[in-house]
Structures are given as structure tokens and as C-alpha cells.
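**Student:** Chains as they are written, first to last, in this note's numbering: chain U, 1 to 314; chain Z, 315 to 628.
No lab work stands behind these hints, which were simulated from the structure alone.
Heads up, the beta-carbon is just placed ideally off N, CA and C, and yes, glycines get one too.
Fair warning: there could be bad hints in the mix.
[Said to hold, decoys possible] From the structure, some residues in chain Z lie toward chain U, with a derived Cβ separation under 8 Å:
id	residue
1	Ala333
2	Gly394
3	Trp397
4	Ile401
5	Asn413
6	Asp416
7	Ser456
8	His467
9	Pro587
10	Val588
Number of protein chains: 2
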Amino acid sequence: MRYLITGCFGFVGKYLVEAIQRAEPAAEIIAIDRAPAPASFPAVTRAHVLDLLDLALVSDVISREHPNRLVHLASLSSVGRSWQEPITSFTNNTNIFLNVLDCVRKHSPTTRVLSIGSSEQYGLVTESDLPLRETSPQRPLSPYAVARVAQEHLGEVYVRGYGLDIVATRSFNHLGAGQSSQFVISAIAKQFAELARGQRDRIRVGTTSVIRDFLDVRDVVAAYLALLARGTTGEVYNICNGRGLSIAEIIAMLADIAKVTPVIETDPELVRPVENAVVVGDHTKITTAVGWQPTIALETALRDVYDFWSRASF
Amino acid sequence: MRYLITGCFGFVGKYLVEAIQRAEPAAEIIAIDRAPAPASFPAVTRAHVLDLLDLALVSDVISREHPNRLVHLASLSSVGRSWQEPITSFTNNTNIFLNVLDCVRKHSPTTRVLSIGSSEQYGLVTESDLPLRETSPQRPLSPYAVARVAQEHLGEVYVRGYGLDIVATRSFNHLGAGQSSQFVISAIAKQFAELARGQRDRIRVGTTSVIRDFLDVRDVVAAYLALLARGTTGEVYNICNGRGLSIAEIIAMLADIAKVTPVIETDPELVRPVENAVVVGDHTKITTAVGWQPTIALETALRDVYDFWSRASF
Numbered sequence: 001m002r003y004l005i006t007g008c009f010g011f012v013g014k015y016l017v018e019a020i021q022r023a024e025p026a027a028e029i030i031a032i033d034r035a036p037a038p039a040s041f042p043a044v045t046r047a048h049v050l051d052l053l054d055l056a057l058v059s060d061v062i063s064r065e066h067p068n069r070l071v072h073l074a075s076l077s078s079v080g081r082s083w084q085e086p087i088t089s090f091t092n093n094t095n096i097f098l099n100v101l102d103c104v105r106k107h108s109p110t111t112r113v114l115s116i117g118s119s120e121q122y123g124l125v126t127e128s129d130l131p132l133r134e135t136s137p138q139r140p141l142s143p144y145a146v147a148r149v150a151q152e153h154l155g156e157v158y159v160r161g162y163g164l165d166i167v168a169t170r171s172f173n174h175l176g177a178g179q180s181s182q183f184v185i186s187a188i189a190k191q192f193a194e195l196a197r198g199q200r201d202r203i204r205v206g207t208t209s210v211i212r213d214f215l216d217v218r219d220v221v222a223a224y225l226a227l228l229a230r231g232t233t234g235e236v237y238n239i240c241n242g243r244g245l246s247i248a249e250i251i252a253m254l255a256d257i258a259k260v261t262p263v264i265e266t267d268p269e270l271v272r273p274v275e276n277a278v279v280v281g282d283h284t285k286i287t288t289a290v291g292w293q294p295t296i297a298l299e300t301a302l303r304d305v306y307d308f309w310s311r312a313s314f
Numbered sequence: 315m316r317y318l319i320t321g322c323f324g325f326v327g328k329y330l331v332e333a334i335q336r337a338e339p340a341a342e343i344i345a346i347d348r349a350p351a352p353a354s355f356p357a358v359t360r361a362h363v364l365d366l367l368d369l370a371l372v373s374d375v376i377s378r379e380h381p382n383r384l385v386h387l388a389s390l391s392s393v394g395r396s397w398q399e400p401i402t403s404f405t406n407n408t409n410i411f412l413n414v415l416d417c418v419r420k421h422s423p424t425t426r427v428l429s430i431g432s433s434e435q436y437g438l439v440t441e442s443d444l445p446l447r448e449t450s451p452q453r454p455l456s457p458y459a460v461a462r463v464a465q466e467h468l469g470e471v472y473v474r475g476y477g478l479d480i481v482a483t484r485s486f487n488h489l490g491a492g493q494s495s496q497f498v499i500s501a502i503a504k505q506f507a508e509l510a511r512g513q514r515d516r517i518r519v520g521t522t523s524v525i526r527d528f529l530d531v532r533d534v535v536a537a538y539l540a541l542l543a544r545g546t547t548g549e550v551y552n553i554c555n556g557r558g559l560s561i562a563e564i565i566a567m568l569a570d571i572a573k574v575t576p577v578i579e580t581d582p583e584l585v586r587p588v589e590n591a592v593v594v595g596d597h598t599k600i601t602t603a604v605g606w607q608p609t610i611a612l613e614t615a616l617r618d619v620y621d622f623w624s625r626a627s628f
């Protein structure tokens, strides 16, 4: 089996490559990324360093590689950054996906594509929508969310109109060792590690009342492989824990892990123009369809993230 | 009042400019278009010939012009072409709008923007959805429709997140003298004119059973001016006739007008990969909000289109 993974050298890519190599040691893994692999990255079969906005380069790689499976991880996935740079966010989500998809249509139409989406697509959530199912309405609230909805819609159109084989996800917040500190849990865990070392005296956060559904990245990539193997083309699946936690609860759990009593301060820079109060998903569809369910307790996941930052030198 | 109109030199732009000049002779009209004005186009205050994908040029024009009102007519609005060139269609709908919007945010945030959308956004329509209201679900079925949904979502996000003043439409099929023959009614009317002159012996069409809601372009631009004056920011309004007609019925009406009995032939090239069976809208929202309603009978509109092609030299 030949896998092509876009955005391969990022946080999720590393876990995905490791999972593929464990499950299928003979698999070929073709990486696409904007930057070369970091030193610690597992060896892959081939790597193409390119910008997915460059259609000619994408076309060239897909027509030469003809992957059996393509996992489109590449994304500028920060909601906060999408408010600061909406055009950059949009093109580096929707347009890169459209480029990839159109090259698959032209040059490798039997490739099975996994289109990674986001729980942010649900956007404005009312009490009666919770927990979110795949049939819940999408009312995107950020430039990032709009881009992800458009990506999913493009996937549907390519399945119906051109007969491509695409399975889509709406992946909820994930966490894990190695995640960038631009994401909320990683940012907070990093500050706890600094606090425990005496490198700072308080934790700065955005809105702590928001409730999110967090999943360990190892469970996320297990879901991706299960969907590639057994997901139904044209369908979209929530990938979530099914349980909501507020940022305040996460902070309390990290305080226990770090054995500190932090001073918490609101950083207005981290408060977003528009924010969903509660985002919690229902994973019945994927569990029924392919047997996947979360396996890693959030306490374990949080401890791993904290340990990562405790070991990190900064 | 200073108006900036993108895609100004197209079919709708001409009618919009005429309507503004009739209603408000002192208005300044700033045109943006990819190509210079055709010879027959009414005089405008200033014209900027540029590609809206060129962000630096868009930024320059919007920061210098500071329009009171911006009507974003620019669009590659052919559904058929969006299947042939999905990337070109998407960028020339969503990305051009995002460029315009982000320049308004940065350089002219009090400009009132009219974002033109399409009935194609509704996509897959079931019997129970009809007639389509603004609350009906959007299930886009073509690359063009996906791009229009993304455009509308971006508008909503810019209203909520950045406080811009944007009113959106979902404009149903329009028709009128001067419309390109890549659109169905214009294409058929042109063939009838050719038939009446003995320049062809049959009418070639796509799927004639599809039912659409057609509106005269003069009613369309009247709705645009009413919404600019009195529409509510952040809201979207159907602009439609409220009455559905099949392509077969349109053909029968044109046969009466042209006084011919045509041979009808299906052209497989004109049949789309995925097609909505019925698209009929409900204009209660705009009628209630701003008092607009259709005034021109479809028979009159069709006769004008037929007369246009009868007079045309080709």
C-alpha cells in the first residue's frame, strides 16, 4: 500500500506515520510538506518539499506517485491566526485541498482520499444541537471554519460529480506531546512546565469557560486508519471523545499533574472575536461504521503533554 | 453616494449602472472589471481594469476610492464551466470575494457591501424544502455552488467578527437582453433567433425537465438597490420570482414568440454530472424587509431576450 500524506511533517503526521509503520511495516509512505522533516521524524519512503498552492508541483507529484491512499493533513489550523490573516488561512486550507483533489481527479482518480475537517465547522452551537452529530447544522464562526466547510463541500462535489473516493472527518480538538503551543492545551501545559521550573509566575489564558471535546492524537490517527480501511466514500465522520471539558477544568487537571497552585490571568490577545461556548461531539457514527472508539484517558493524554514540555529545553 | 461595482462591465452591471443613474443622477460609479467597458456601456465616473485575484491592486483601489457602497457582481457564474475548471471557478468566486472583503476590512470598514450569491447554494432540494426559504439547508452540488456558499459564510464571519456591513443575496436565475449564451435561456433564445432566420434546423439543449425560478434582470437590480438602501446587515435574502418553470415550458413559450415549431435535440455536452430537479424560491423575506417584489412578467422578459438575439448580428 502506498500512502501519500500532505502536511506529513507536522504534529499529527508524526503519529500517523508511526501508526502506519506499526500496522503495515511494508507500506510506502510518501510525504509532502512545506518544510523538510525535523531531525526526530521517522524515516519515510520519499519526501517532496513543496507548497501545495503551487498547482504544477502538486500535479507532478500526484501523477508520478499514484498513491493508493492520500491523507490530507496539511492545514493552517489555528483559529486565532485565521482572524489575523483570513486570506492566508483560507488559501492554506481550502485552496490547497482543492489543488490536491483536482490533481487526484486528473491523474490518480482511484486514490482513496481522507479529507480532514474540524469540529469548528459546526460553529454556532445551541444547547439543542449537543452533542454534535454529523447531521447537526454547520454555521461556521471563523475564517478557518468557513474554509473547512468549503473543503468538505468540495469533497462531496468531487464524489458525486467526478466519482472520486473521498472519506471526510470532522476532527475535534486533539492534544498530544509535540503539539505546537499555538493550540490551547499545549500552550497551557507549556506554561505549567515553566511555572514548575520557576520560569514564570502566572498562567495567561483566553476564555476559560469554553467547553471543548479533546482527544489524544494517538486515538485520532487510529480513527484515520480505520476510516481509510473501512469508511464509506462520500460520508463524513466525527472524530471525538464524546465528553466535554472546560478550559478551567483542564487547568485544574494540569495543576494537579504539575503539583502547583497557579495564578490565572486573562490575556485579551487570546480572546477571540467570536467564540463557541460549547463544542462536544457524538462519535456513534464512526463507532458503528468502523468500530473505532477513544481508548486513551484524558488524564493520561494531559500528563504526556505536560511531560513533553517538562523535558523540552526552552 | 459613491458606488464601487466589481464585475461592472458584465451583463448585470450594465442594468445596475443604468438603474443607479436613473435613481440617483449625482451618484459616482467606480467600476472594476477584468476587461475594459464595451463600447455600448454607459459612462461611469472611473474604471479600474484589474484582476481581483491580484490583492495588491484591489487593496490600492479600495483604499483610494473608499466607496459608500460596494456591489460585488464579479463572478465566474457558469455552473457548467465550474465542472470543467473547478479551480478556476472557485478562485474566481470565493477568492476574489475574500480579497475584496479583506481590503474593505483594512481600508474602508464602513463601506456597505452587497454580496451576490446564488440559488445554486441550496443544491440538493427535496420536495419538502420547496419553495426555498433562506432557512432551507444548503447542500451545494457543483464546484460553483460550493464557492458561493463559502462566499456567503465569509460574509457572515466578517460581519460577526470584524463588524463589517454586509448584506447578502441568493439570486435565482436571471434573464435579460445581453446575457451571455452560456446561460440556458439566452442560449435557447439565441437558437430560436437562428432558427427563425433559417440558420439552423433544430434546438440543442440539456435536461429540459429541470424546473427553475427565473427573474428579469431589471427586477434583480431593483432588488439590489433596495437591499443597499434598506437591507439588514448580516442577513441574506432570496431574490426570486417565486414561480417555477421547466426548460421545456420556456422552450414552448419561445416557440410561440418566435412563431416556429422546433425540433428539440438533447446535447450530452449540456447535461451536467449532478443537477437539481427543482429550484423555486420564496421571496417573502425581502418583500417584507424592503418592499421589493418582481414586476416584469416572464413573457415580457423572454420576448426581450428573443428580440435581442433577433437584432444581433452573428
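**Student:** Determine for every hint whether it applies to the structure shown.
**Tutor:** Here is how each hint holds up against the structure:
1. Ala333: violated, 31 Å
2. Gly394: violated, 12 Å
3. Trp397: holds, 6 Å
4. Ile401: At about 5 Å, which falls below the 8 Å cut-off, the nearest Cβ of chain U leaves the hint on Ile401 (chain Z) intact, so it holds.
5. Asn413: Hint on Asn413 (chain Z): holds, closest Cβ of chain U at ~7 Å, below 8 Å.
6. Asp416: holds, 5 Å
7. Ser456: holds, 6 Å
8. His467: holds, 4 Å
9. Pro587: holds, 4 Å
10. Val588: Given a least distance of 5 Å, the restraint on Val588 (chain Z) holds.
Of the numbered hints stated above, those contradicted by the structure are hints 1 and 2, listed in ascending order.
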